[in-house]
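Work the whole structure out from these sequences, hints included.
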Amino acid sequence: MSVITAENISKKYIIDHKHKAGGPSTFRDVVSDLFSRKSSHTDYTEKEEFWALKDVNFTIDQGDRIGIVGHNGAGKSTLLKILSRITEPSTGQIKIDGRVASLLEVGTGFHPELTGRENIYLNGAILGMAKREIKESFDAIVDFAGVEKFLDTPVKRYSSGMYVRLGFAIAAHLNPEILIVDEVLAVGDTEFQKKCLGKMRDVSESGRTLLFVSHNLTAIQALCNKSFYFEKGQLIDQGETTHIVTNYLSKVSHKRMERHWDDINQAPGNDQVRIKSFRLLAEYQDNLMHIDVRTPMNFQFEFWNMEEGANLNLSMHLYTFTGECIFNVGTESQQFGKGLVTGVCQIPGHFLNDGSYVVSMMVVKDTSTVVYNMEEALVFDIEDYRENVTWYGKWPGYIRPKLNFSIRQTEHLVND
Amino acid sequence: MQHTTTIKAGGSEKDYWKDLWRNKQLLLILSKRDISVRYKQTLLGVAWSVLRPIMTMTVMVFVFSYVAKLKGDEGVPYPLMVLCGITIWTFFANTFSQISSSILINSNLVSKVYFPRLLMPLSSVAVGFVDFLITLGIFLILTVFFHHPLSWNILYLPAFLLLAFITSMGFGLFFAVLNVRFRDIGQLIPFIVQVGFYICPIAYSSRLAEGTWYEKYYNLNPMVGIIDGFKWCLLGDKAYFNPNSVYSTAIISVVILILSLIYFRKKENTFVDHI
Chain A
7 MSVITAENIS
17 KKYIIDHKHK
27 AGGPSTFRDV
37 VSDLFSRKSS
47 HTDYTEKEEF
57 WALKDVNFTI
67 DQGDRIGIVG
77 HNGAGKSTLL
87 KILSRITEPS
97 TGQIKIDGRV
107 ASLLEVGTGF
117 HPELTGRENI
127 YLNGAILGMA
137 KREIKESFDA
147 IVDFAGVEKF
157 LDTPVKRYSS
167 GMYVRLGFAI
177 AAHLNPEILI
187 VDEVLAVGDT
197 EFQKKCLGKM
207 RDVSESGRTL
217 LFVSHNLTAI
227 QALCNKSFYF
237 EKGQLIDQGE
247 TTHIVTNYLS
257 KVSHKRMERH
267 WDDINQAPGN
277 DQVRIKSFRL
287 LAEYQDNLMH
297 IDVRTPMNFQ
307 FEFWNMEEGA
317 NLNLSMHLYT
327 FTGECIFNVG
337 TESQQFGKGL
347 VTGVCQIPGH
357 FLNDGSYVVS
367 MMVVKDTSTV
377 VYNMEEALVF
387 DIEDYRENVT
397 WYGKWPGYIR
407 PKLNFSIRQT
417 EHLVND
Chain B
127 MQHTTTIKAG
137 GSEKDYWKDL
147 WRNKQLLLIL
157 SKRDISVRYK
167 QTLLGVAWSV
177 LRPIMTMTVM
187 VFVFSYVAKL
197 KGDEGVPYPL
207 MVLCGITIWT
217 FFANTFSQIS
227 SSILINSNLV
237 SKVYFPRLLM
247 PLSSVAVGFV
257 DFLITLGIFL
267 ILTVFFHHPL
277 SWNILYLPAF
287 LLLAFITSMG
297 FGLFFAVLNV
307 RFRDIGQLIP
317 FIVQVGFYIC
327 PIAYSSRLAE
337 GTWYEKYYNL
347 NPMVGIIDGF
357 KWCLLGDKAY
367 FNPNSVYSTA
377 IISVVILILS
387 LIYFRKKENT
397 FVDHI
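Going down the list, the sequences are from chains A and B. Here the first sequence stands for residues 7 to 422, where the numbers follow my numbering. Here the second sequence stands for residues 127 to 401, where the numbers follow my numbering.
Source of the hints: derived by calculation from the structure; they are not laboratory data. Mixed in with the good hints, there may be bad ones.
Unchecked claim - Pairs of lysine-lysine residues, derived as BS3-like cross-links and limited to a Cα-Cα distance of at most 25 Å, are as follows: (1) B/Lys393 to A/Lys53; (2) B/Lys158 to A/Lys155; (3) A/Lys238 to B/Lys134; (4) A/Lys18 to B/Lys134; (5) A/Lys60 to B/Lys392; (6) B/Lys158 to A/Lys162; (7) B/Lys392 to A/Lys18; (8) A/Lys101 to A/Lys232; (9) B/Lys144 to A/Lys101; (10) B/Lys150 to A/Lys141; (11) B/Lys150 to A/Lys137; (12) A/Lys101 to B/Lys393; (13) A/Lys60 to B/Lys393.
Everything numeric in this text was worked out from a predicted model, so none of it was measured.
As structure tokens, this is what we get:
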């Protein structure tokens, strides 16, 4: 039985090139537009339509667990917003049978001045729970979040971990027929993420319908039986999760080994730092032009420091393509004058396993404040390479280090 | 029973009002939130709700009565008349400004979760209502102090309070929608409230406008009839009151409210695109 039927859903935004896109304009702009319309027709042509979603059709059956994958800006979040009725589509129609709860953010509407207890009731009500339902699951929520001791403390005094745990705990005790979840697992520690995934699996196994957006493909594969693949606002593929994820990975694996900006004013960054370049310099082996598991690499990062005497260091995250962090390394903090700063990180050969990897780079000030975070700074593939083996199955693990692991005969059995 | 929802472009839902009713608990909780966070981390706390009207009254009595020599109605103590006007005016001004900014203040909710958006302006009235009750209490205590007995007119008080509420909703909803699109409105509102204070019969009696050329324009302001009526309820028949103005006031307020509601309903599903 289908619980959600969407027909020709489109969502249009008007991008105003003269002013900030979609943002608040001022009354003055409108008034001055009124008077200047005749004289400057160019203002008109600068308005551009942008289709965040275009002619999307699908049906979702009861009990389906749908994973939604796609690049940033592919329309995933817009779709969730429309399904949650936060905004309406420009065209098309959706029919939903059943009570929908959407979790687009953890702890929506928490008020910092209110205590944990008060916020449970507030947030529960905002998410659509009746007071009776909240009362019934109150102890379970507190237990799940592990905040018993701080129930009567204002949440502004909570650690960010506690805050997120409490937020998810409330949402986890919703009992909707259809649950919509946006990238909320990106927060919280591993232990808690496991708990969340477990809870979401319980939800789906009890026959309820789940829609789940995440960049973590492992989580999607673990949780969802079907998936939608969005690109540029269109639903380009749907079906079994394994099939969709493979398809997605093959399409998105664009290598990005070098990027640079020559004009400091156009470069990404802010008042304090501007990015100049990212480079992956590989010491290719055997005259091959691709990186394999043996290849040593240097990641080189250049940025302009704009603040005299700033105490800066670099922090690099290396992720698998499915979004799991493999490691995070940082340089020592050091004082820099205005000008170009270069950082190099060496990754030895025989270290990473074959696969696709994503590097993000943060510039950190005073070892504590993130001044600028460049996500997906570099994207690269590592090919497999094997010698003297006859087995060619997928080598397991994220890393494939060459360790001193020796084997020798230590005793001979002497036959009589 | 299976609950079916249809989402479509420009589709104002048939069950909107039912939905609003179903969310009455949320309304209660949002109101409670606003009230309970109001005076968090203040030294005097709730005392502010008592101090503010008393201080305003004292200053106004001094300025208008002693310095400017304004007179109220015969047989009505001037301080009482001023406090009476302040009570209903402050209720209107507070709720009006709260409603106007209610959508923006709750923008984190608007962008993350659905509920009938009308709940936000509705719940923002709570704080103003509590303040109103406190000021009304102060007024009642002062009537004893000034030996000015209450009359049965007080029974009509809820009607005028309701009219004030309707008027503040009518203007407030309209500005709330505009405020989402144009942040200028946030600058405009304190100005409107300030001007309103002088064109409404708070420090003076509407008797002064009687028979003048501007009387008919003066009476177009729905708050004039409401404040006059409110004074009549609390101060008795000696306060100036033109019963005929009630009808025009009521009609103007209700029409404004209906127009604003239509406008609000038309825009509420796309608030998030402008926040």
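Which numbered hints fail: The structure conflicts with no hint, since it agrees with every one listed earlier.
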